[in-house]
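> Read off the chains here:
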Amino acid sequence: MVIHRRLSALVLSIAIGAPLALVMTSTSVAASALACEDSSNLCLDAADGAKWEAGKQATVKDRKKRSEKAPGTLSMTVEGGRGSLFVNGRYAGTAPLSSIDVASGRNDIQVRDGSTVLASGVLTVPKGGSLDVTVRHP
Amino acid sequence: MVTILALGLGSAPRMASASPYGPAVAAAGVGAAAGVGAAAALVAFAGPKVTPETAGRKRAEAQVTGRELAKSDPAAAGVHYDTRASEWGDPILYLDAADAYLGAAEKDHAVAMAEAGIERAHIALDLLHFQLDEASDKDFRMVETSEVPDLISRAKDTIDRGQILLEELARGDGAEGEPETPGREKRERKPIATRPLFVAGAVVTSLGGALVGVGVVGLIVGAVNQYRAEGPTVYGTEYDAVARKGERGNVIAAVGLGVGGALVLGGAAMMIIAKVAEKKQGKARENNVSVAPSLNGVAISGRF
Numbered sequence: 000m001v002i003h004r005r006l007s008a009l010v011l012s013i014a015i016g017a018p019l020a021l022v023m024t025s026t027s028v029a030a031s032a033l034a035c036e037d038s039s040n041l042c043l044d045a046a047d048g049a050k051w052e053a054g055k056q057a058t059v060k061d062r063k064k065r066s067e068k069a070p071g072t073l074s075m076t077v078e079g080g081r082g083s084l085f086v087n088g089r090y091a092g093t094a095p096l097s098s099i100d101v102a103s104g105r106n107d108i109q110v111r112d113g114s115t116v117l118a119s120g121v122l123t124v125p126k127g128g129s130l131d132v133t134v135r136h137p
Numbered sequence: 000m001v002t003i004l005a006l007g008l009g010s011a012p013r014m015a016s017a018s019p020y021g022p023a024v025a026a027a028g029v030g031a032a033a034g035v036g037a038a039a040a041l042v043a044f045a046g047p048k049v050t051p052e053t054a055g056r057k058r059a060e061a062q063v064t065g066r067e068l069a070k071s072d073p074a075a076a077g078v079h080y081d082t083r084a085s086e087w088g089d090p091i092l093y094l095d096a097a098d099a100y101l102g103a104a105e106k107d108h109a110v111a112m113a114e115a116g117i118e119r120a121h122i123a124l125d126l127l128h129f130q131l132d133e134a135s136d137k138d139f140r141m142v143e144t145s146e147v148p149d150l151i152s153r154a155k156d157t158i159d160r161g162q163i164l165l166e167e168l169a170r171g172d173g174a175e176g177e178p179e180t181p182g183r184e185k186r187e188r189k190p191i192a193t194r195p196l197f198v199a200g201a202v203v204t205s206l207g208g209a210l211v212g213v214g215v216v217g218l219i220v221g222a223v224n225q226y227r228a229e230g231p232t233v234y235g236t237e238y239d240a241v242a243r244k245g246e247r248g249n250v251i252a253a254v255g256l257g258v259g260g261a262l263v264l265g266g267a268a269m270m271i272i273a274k275v276a277e278k279k280q281g282k283a284r285e286n287n288v289s290v291a292p293s294l295n296g297v298a299i300s301g302r303f
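Residue numbers (numbering that gives the first Met the number 0), protein chains in the order written: chain A, 0 to 137; chain C, 0 to 303.
Simulated from the structure, these hints should not be mistaken for laboratory data. It is possible that some hints are incorrect.
Using 16 Å as the maximum straight-line C-alpha spacing, the simulated EDC-like pairs for lysine to aspartate or glutamate come out as follows [claimed, not checked]:
#, chain 1, residue 1, chain 2, residue 2
1, C, K137, A, D107
2, A, K50, A, D131
3, C, K106, C, E167
4, A, K55, C, E133
From the derived model, a few chain A residues whose C-beta atoms are all more than 10 Å from chain C [what the hints assert, rightly or not]:
#, residue
5, E36
6, D37
7, A49
8, W51
9, G88
10, R89
11, Y90
All residues carry an ideal CB built from backbone N, CA and C; glycine is no exception.
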């Protein structure tokens, strides 16, 4: 009888606890996916070989090494506001952006909202890589 | 099911090949069309040199068509300017698009148009401020740098105008010369709750059917007793009892058939009204398709 009761309690706790745990885990994952805490205001969901260097500028050598034949793709969202993306000195679109082809290699990136520069630096795009960028609007 | 589609303006391959500025400029605009299914088409590559003169020539062509459209349909003019602006990343055409959308918002009292106009002016501001930044490509100039401060002022004025318009629309102010008279507003009909009406109709019909059944039983009872009363061996107190039973049966038949029939008819009417209203409301939802500019192109919302 006692064993029976304990088993029931165990089943009940699993039934209640498992969904609760799942909900809590998914909530924390969603929260971490949304919040960009980086001091450069840009968070990179990095593919293999992708790299973000805030405040840097591509060199002449980097420009020559860029390859448009094997580009990567870039998606961008801006948290808490709006912003336009400029890649290698030219306008590439206004957020939200989905899968823009970007040359592989080191690209100069700037995201701005009017006169405010939200993020600026060098983004290394791997060949065929798919990058998700989240920019925080301060 | 309500679906919202975001359509990118133009197709990227067309822009990439047709743009005189090469894929990079096409990309500039296409980037704004970050919508559904445009994934592989968007590019942000370097392209040939662009000067304010070459950009100005192309812009002038777009403006001729835009001005013609603006006379009759400012929203269409806005979409036209928007498309051309996004192909080139041209701040002046974005400002023209903003003006056209605000004109459409004033004309149609459309909040979405006002918001689209404000956003286009913001994009123009991004482009103009970036031109003043050292990071911008010196071989890619849509306007002379000396023109930038005036264009920034124009963009800010447009945004201010858009904000005022949005506030007016939020307050429900009418356009100039068309003051809204609250008394003349068309009252919206409350939609009929068709399902409960249908269920109620079915219940009433069933009840009526049952009463009709009772009425039929009453008829039978009346007929049987009539037959018994006519028998040669029935007379005296027995005849009276049979006659009473027969009368009772007749009363039951009259009430049952009368009330039951009325309920059956009423219930059937309720069910028919419910079905007709459901069809009408479904059609109204299907017809409620709206097209409005969005940040990424044109948004079509409705029931598909």
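> Holds or violated: is the Cβ of G88(A) farther than 10 Å from all Cβ atoms of chain C?
Non-interface label fails for G88(A): nearest chain C Cβ at 3 Å, not farther than 10 Å.
> Mind verifying the non-interface call on A49(A)? Its CB should be farther than 10 Å from each CB in chain C.
holds (15 Å)
> Is it correct that the beta-carbon of W51(A) has no partner in chain C closer than or equal to 10 Å?
holds (16 Å)
> Non-interface claim for E36(A): all C-beta distances to chain C beyond 10 Å?
Holds, because the least Cβ-Cβ distance between E36(A) and chain C comes to about 25 Å, which exceeds 10 Å.
> Against the 16 Å threshold, does the CA-CA distance of K55(A) and E133(C) hold or violate the hint?
Holds. K55(A) to E133(C) sits at ~13 Å (cutoff 16 Å).
> Find the nearest Cβ of chain C to the Cβ of D37(A) and say whether that gap is larger than 10 Å.
Since the minimum Cβ distance to chain C is about 20 Å, D37(A) lies beyond 10 Å and the statement holds.
> Compute the least Cβ-Cβ separation between R89(A) and chain C, then decide whether it is above 10 Å.
violated (5 Å)
> Y90(A): least C-beta distance to chain C exceeds 10 Å?
About 4 Å separates Y90(A) from the closest Cβ of chain C, which leaves it inside 10 Å; violated.
> With the threshold set at 16 Å, check whether the alpha-carbon distance from K106(C) to E167(C) stays at or below it.
Holds, because 13 Å separates the two Cα atoms, which is no more than 16 Å.
> Are the Cα atoms of K50(A) and D131(A) separated by 16 Å or less?
Between K50(A) and D131(A) the Cα gap is close to 12 Å, so the pair holds against 16 Å.
> Quick one, are K137(C) and D107(A) close enough, alpha carbons at most 16 Å?
Judged against 16 Å, a Cα distance of about 14 Å means the pair holds.
Violation of the numbered hints given earlier is confined to hints 9, 10, 11; the remaining hints are satisfied by the structure.
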